[in-house]
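Chain by chain, the residues:
Number of protein chains: 2
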Amino acid sequence: MKSEQDFLDLIDTHFTFGHELLRLGRGDDCAVLAGGRDICVSSDLFLEDVHFRRDYFTAEDIGHKALAVNISDIAAMGARPFAFTMDLMVPPGLDEEFWNGFFQGMATLARHTDMALAGGDLSRADRLGVSISIFGVGGSKGRFLTRGNCAPGDILFTVGELGLARVGLLTLEALGRQAREEFPTAALAHLRPKPKVMIGTLLNAAGVKGLMDVSDGLARDLPRFLGPNLGADLTLRGEMLNGNVVAYALAMGLDPVELTVLGGEDYALLGCVSEEEFPKAASVPGFTEIGRVTEAQGIRINGTPFSTPGFDHFENPQSHP
Amino acid sequence: MKSEQDFLDLIDTHFTFGHELLRLGRGDDCAVLAGGRDICVSSDLFLEDVHFRRDYFTAEDIGHKALAVNISDIAAMGARPFAFTMDLMVPPGLDEEFWNGFFQGMATLARHTDMALAGGDLSRADRLGVSISIFGVGGSKGRFLTRGNCAPGDILFTVGELGLARVGLLTLEALGRQAREEFPTAALAHLRPKPKVMIGTLLNAAGVKGLMDVSDGLARDLPRFLGPNLGADLTLRGEMLNGNVVAYALAMGLDPVELTVLGGEDYALLGCVSEEEFPKAASVPGFTEIGRVTEAQGIRINGTPFSTPGFDHFENPQSHP
Chain U
84 MKSEQDFLDL IDTHFTFGHE LLRLGRGDDC AVLAGGRDIC VSSDLFLEDV
134 HFRRDYFTAE DIGHKALAVN ISDIAAMGAR PFAFTMDLMV PPGLDEEFWN
184 GFFQGMATLA RHTDMALAGG DLSRADRLGV SISIFGVGGS KGRFLTRGNC
234 APGDILFTVG ELGLARVGLL TLEALGRQAR EEFPTAALAH LRPKPKVMIG
284 TLLNAAGVKG LMDVSDGLAR DLPRFLGPNL GADLTLRGEM LNGNVVAYAL
334 AMGLDPVELT VLGGEDYALL GCVSEEEFPK AASVPGFTEI GRVTEAQGIR
384 INGTPFSTPG FDHFENPQSH P
Chain B
84 MKSEQDFLDL IDTHFTFGHE LLRLGRGDDC AVLAGGRDIC VSSDLFLEDV
134 HFRRDYFTAE DIGHKALAVN ISDIAAMGAR PFAFTMDLMV PPGLDEEFWN
184 GFFQGMATLA RHTDMALAGG DLSRADRLGV SISIFGVGGS KGRFLTRGNC
234 APGDILFTVG ELGLARVGLL TLEALGRQAR EEFPTAALAH LRPKPKVMIG
284 TLLNAAGVKG LMDVSDGLAR DLPRFLGPNL GADLTLRGEM LNGNVVAYAL
334 AMGLDPVELT VLGGEDYALL GCVSEEEFPK AASVPGFTEI GRVTEAQGIR
384 INGTPFSTPG FDHFENPQSH P
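From first to last, the protein sequence lines are chains U and B.
Using this note's numbering, the first residue of the first sequence is number 84, and each one after it goes up by one.
Using this note's numbering, the first residue of the second sequence is number 84, and each one after it goes up by one.
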């Protein structure tokens with residue numbers, strides 16, 4: 084992997100070029116997205132030793148997760164992704180086998196979600212990193228699910244495991260690759276998050292009021308979802324908690340509920356729905372009612388006020404882990 | 084500048100939030116671009132010690148150029164930018180004064196080109212870096228100018244200085260900030276490239292056939308523009324060369340024409356136009372006829388075959404410089 088052309092050739096063997104929503108594919112000064120419908124866009128960084136470690140992520144894992152965290156933002160709009168651009172920072176010393184795996188992991192996910200690679204940039208760099216921008220279109224009526232829109236009395240719900248990826252991160256940091264064998268479910272939740280595009284689309288069609296991607300943990304993301312003028316009364320007990328999270332918490336002397344809501348990189352969906360639309364939304368696979376929106380500000384969990392910051396890639400150098 | 088919120092607050096003081104072509108601004112899982120028209124998109128990296136050096140770029144220069152190189156891709160489509168996303172890699176040790184200058188340099192250019200900041204991501208990192216994705220709309224009929232489309236006999240032209248930014252880079256690398264005073268025109272061509280949005284729009288309206296951003300030097304970019312089956316016969320003489328480039332070449336014992344076509348980071352526009360549309364295109368400010376498209380492959384300059392690679396941020400660690 085010596086030249087830019089080697090990379091471009093390898094990329095061409097992996098990634099789809101065209102899409103019905105792409106008027107012009109990669110290779111020119113710009114790609115052109117087909118008009119006619121509103122387009123949602125999100126950009127995320129995925130950097131070595133901030134967001135992932137090479138000693139326990141395989142090349143495929145890195146490629147997969149770099150794209151997955153972006154798809155999750157599209158899913159959280161109740162939208163369907165169709166294309167992405169990739170800015171790739173290439174450090175010295177990675178061989179063709181690595182890059183093949185990296186592109187393979189990313190391209191497999193791109194194919195499963197029907198996405199074309201629309202463009203990007205390559206540069207040498209000290210460390211491996213990816214910046215992806217991703218594009219999606221809304222539900223059947225072009226509707227996007229934004230944050231908030233909640234009213235007191237609305238039902239709050241999540242789809243996806245809370246806290247499990249955090250347990251995965253903690254075990255991977257402690258045990259390295261060995262955690263993949265000893266705690267496979269948790270480790271894979273961290274290494275290979277599954278973005279919930281189909282679920283987001285179904286929730287959109289079911290008429291939920293608002294939806295958001297839980298990436299910094301429920302405790303941190305719920306106030307962002309509610310906005311400054313509302314609170315929430317949550318019930319998180321027993322079967323609503325992930326068994327692996329409970330087992331890990333008990334083994335480590337931690338509180339299972341706290342570990343669940345602190346989470347981090349859950350890539351679960353958090354939403355609110357009115358009583359009227361609740362039955363339709365509740366039929367979506369994985370729908371888990373977690374509580375109610377309240378007029379009173381602040382978060383109560385199982386009857387007790389709760390306030391702890393969650394996970395932050397930016398502020399806290401110890402956040403990983 | 085300790086927390087992510089400090090950054091978000093500072094960003095809000097600098098950057099426009101709304102735009103008529105933006106259905107939903109930054110702050111949610113995604114921004115939403117208004118449909119109805121095709122949208123062109125480009126992504127570029129701008130990394131410390133690859134694309135810029137902090138010892139002779141001011142904070143304002145870095146912010147300006149990170150956005151300018153992206154705008155240049157929009158200009159090269161004959162399009163008008165309206166929004167961008169910014170993924171920012173934040174190293175330790177930069178104070179609020181730096182960030183104020185950085186955002187100021189970027190926001191001033193964004194304001195001048197009528198762009199909103201639609202979203203992005205922040206992460207700590209070892210070195211300063213920016214990945215920007217930028218969005219634009221086409222000419223009056225939604226037309227975009229792509230590469231190629233040339234036929235033998237078409238007139239090739241450029242708008243913008245070739246080789247000048249390369250001289251700027253060479254003098255800045257040799258003299259540091261001092262070059263800003265001794266070679267201000269060349270230094271500013273490297274530090275503060277001026278994207279040619281208005282020119283691109285005019286060329287689009289004038290009916291040129293193809294347009295491209297010259298960022299790796301004319302010698303490297305012209306074959307990309309022509310495609311594999313065509314060549315070019317160029318005439319580059321006397322007043323067509325930039326005076327500063329000629330003076331620098333003569334002082335350093337270099338060939339002025341070679342320095343002009345090797346260039347690098349020119350951010351000039353390269354296009355082709357038919358004989359019929361030539362008079363209209365030629366009235367666009369800065370239009371410089373440089374030669375003709377030929378059926379015979381290869382590039383001839385002033386009657387002599389020419390082949391030398393240009394500037395590459397990727398392959399050649401010595402490229403800077």
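Accuracy of the hints is not assured; some may be wrong.
Which copy? The list can't say, so a pair holds if one copy fits it or any two copies do.
Taking lysine to any residue pairs in the SDA-like style, the calculated list, with each CA pair at most 20 Å apart, reads [claimed, not checked]: (1) Lys292 to Asn312; (2) Lys85 to Val133; (3) Lys292 to Ser223; (4) Lys292 to Gly108; (5) Lys85 to Asn312; (6) Lys292 to Glu378; (7) Lys363 to Ser223; (8) Lys224 to Ala117; (9) Lys224 to Gly369; (10) Lys277 to Ser223; (11) Lys292 to Phe100; (12) Lys85 to Arg303; (13) Lys363 to Arg303; (14) Lys363 to Ala332; (15) Lys85 to Leu205; (16) Lys224 to Arg120; (17) Lys292 to Gly231; (18) Lys224 to Gly119; (19) Lys292 to Arg106; (20) Lys224 to Asp121; (21) Lys224 to Gly118; (22) Lys224 to Leu91; (23) Lys292 to Gly110; (24) Lys224 to Leu107; (25) Lys292 to Leu107; (26) Lys292 to Glu360; (27) Lys85 to Gly381.
For the record, the hints were derived by calculation from the structure and aren't laboratory data.
Since the model is a prediction, treat every value here as computed from it, not as a measurement.
**OP:** Measure nothing new, just compare the shortest in-copy and cross-copy C-alpha distances for Lys292 and Asn312 to 20 Å and report within, between, both or neither.
**Re:** within (17 Å within a copy, 55 Å between copies)
**OP:** Go through the copies and call it for Lys224 and Gly119: within, between, both or neither, with a Cα cutoff of 20 Å.
**Re:** Classified as both; 12 Å inside a copy, 14 Å across copies.
Original post:
Is it within a copy, between copies, both, or neither that the alpha carbon of Lys363 lies no farther than 20 Å from that of Ser223?
Top reply: Within one copy only: 16 Å inside, 45 Å across.
Original post:
With identical chains treated as interchangeable, where does the CA-CA distance between Lys85 and Asn312 reach 20 Å or less: within a copy, between copies, both, or neither?
Top reply: Close neither inside one copy (55 Å) nor across copies (26 Å); limit 20 Å.
**OP:** Up to 20 Å between alpha-carbons, please classify Lys224 paired with Leu107: within, between, both or neither.
**Re:** between (25 Å within a copy, 16 Å between copies)
**OP:** Could you place Lys292 and Glu360 in one of the four classes (within, between, both, neither) given a Cα distance threshold of 20 Å?
**Re:** Classified as within: same-chain Cα gap 9 Å, cross-chain 54 Å, threshold 20 Å.
Original post:
With identical chains treated as interchangeable, where does the CA-CA distance between Lys292 and Gly231 reach 20 Å or less: within a copy, between copies, both, or neither?
Top reply: within (8 Å within a copy, 47 Å between copies)
Original post:
Checking Lys224 and Gly118: alpha-carbon separation at most 20 Å within a copy, between copies, both or neither?
Top reply: both (15 Å within a copy, 13 Å between copies)
Original post:
Given a CA cutoff of 20 Å, do Lys224 and Ala117 count as a within-copy pair, a between-copy pair, both, or neither?
Top reply: both (17 Å within a copy, 14 Å between copies)
Original post:
How do Lys224 and Asp121 come out at 20 Å by Cα distance, when the copy is not named: within, between, both, or neither?
Top reply: both (10 Å within a copy, 19 Å between copies)
**OP:** Evaluate Lys85 and Arg303 at a C-alpha cut-off of 20 Å and name the case that applies: within, between, both or neither.
**Re:** between (43 Å within a copy, 18 Å between copies)
Original post:
Can you tell me if Lys292 and Glu378 fall within 20 Å by alpha carbon in one copy, between copies, both or neither?
Top reply: within (17 Å within a copy, 61 Å between copies)
Hints 5, 9, 10, 11, 13, 14, 22 and 27 from the earlier list are contradicted by this structure; the remaining hints agree with it.
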